[in-house]
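Visitor: Chain by chain, the residues run as shown.
Protein chains: 2
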Amino acid sequence: MSFVNVRERIEFRPEKLNKVSLFDVPELFLDVYCLEPGQAQQPHVHANNAKIYYVLDGEGTFVVGTEERALGPGNAVLAPAGEPHGVRNATEQRLTLLVTMAPNPNSKG
Amino acid sequence: MSFVNVRERIEFRPEKLNKVSLFDVPELFLDVYCLEPGQAQQPHVHANNAKIYYVLDGEGTFVVGTEERALGPGNAVLAPAGEPHGVRNATEQRLTLLVTMAPNPNSKG
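Those protein sequences? They're chains W and B, same order as listed. Quick note, the first sequence lines up with residues 1 to 109 if you use my numbering. Quick note, the second sequence lines up with residues 1001 to 1109 if you use my numbering.
Bear in mind the hints are in silico, worked out from the structure with no lab data behind them. Beta carbons: idealized from backbone N, C-alpha and C, even for Gly. Don't take every hint at face value.
Stated by the list, open to error - Partial pick of chain B residues on the chain W-facing surface, computed with a CB cut under 7 Å:
hint: 1; residue: Ser-1002
hint: 2; residue: Phe-1003
hint: 3; residue: Phe-1012
hint: 4; residue: Val-1020
hint: 5; residue: Ile-1052
hint: 6; residue: Val-1099
hint: 7; residue: Thr-1100
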């Protein structure tokens, strides 16, 4: 499946951040992350994988290394391999993010 | 530089499709492609790299393998490694796309 309407795949979960898989090949994945107010992806590190977040709707508070930024729609964030990174929804509105990671750590390929 | 406002980087060129580099690491790149009406990226193949397009504004006519689709904002397109792919702006409006490719074929790393 090579074509996807991202907005049709957005789905939130009350218990935690929901990661919806859109594309999944060995070289990279594309997910949409759906965060209710207060939900977060805790800071963590991937030694050999780079990640990019792109804000679709809402405002995310991003940490990369020692930097923190609150960013709205149309902003992109790079977490280079080896850099601690995370994101939280510190607002009262829902947050949706496109997220890509390369290479794909989930790949069986 | 880990943070970028994509819309501030959009810039069109009258002579051809403009590819604006946003992030560039060995694992992947992120560009914004800016296509005036009639401009195109001709179908081509990368044997070892996967590409994803995401439509920000306008409508792109995408080809992946033998499939062709005209897609508007919020749609994503995967071109798996080894699959011919391309995009053209067949409309009268400007087209902007987020484009990521992994691994990064331009990397010196």
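Visitor: Decide, hint by hint, whether the structure agrees.
Guide: Consistency of the hints with the structure:
no.	hint	verdict
1	Ser-1002	holds, 5 Å
2	Phe-1003	holds, 5 Å
3	Phe-1012	violated, 17 Å
4	Val-1020	violated, 12 Å
5	Ile-1052	holds, 5 Å
6	Val-1099	violated, 11 Å
7	Thr-1100	holds, 5 Å
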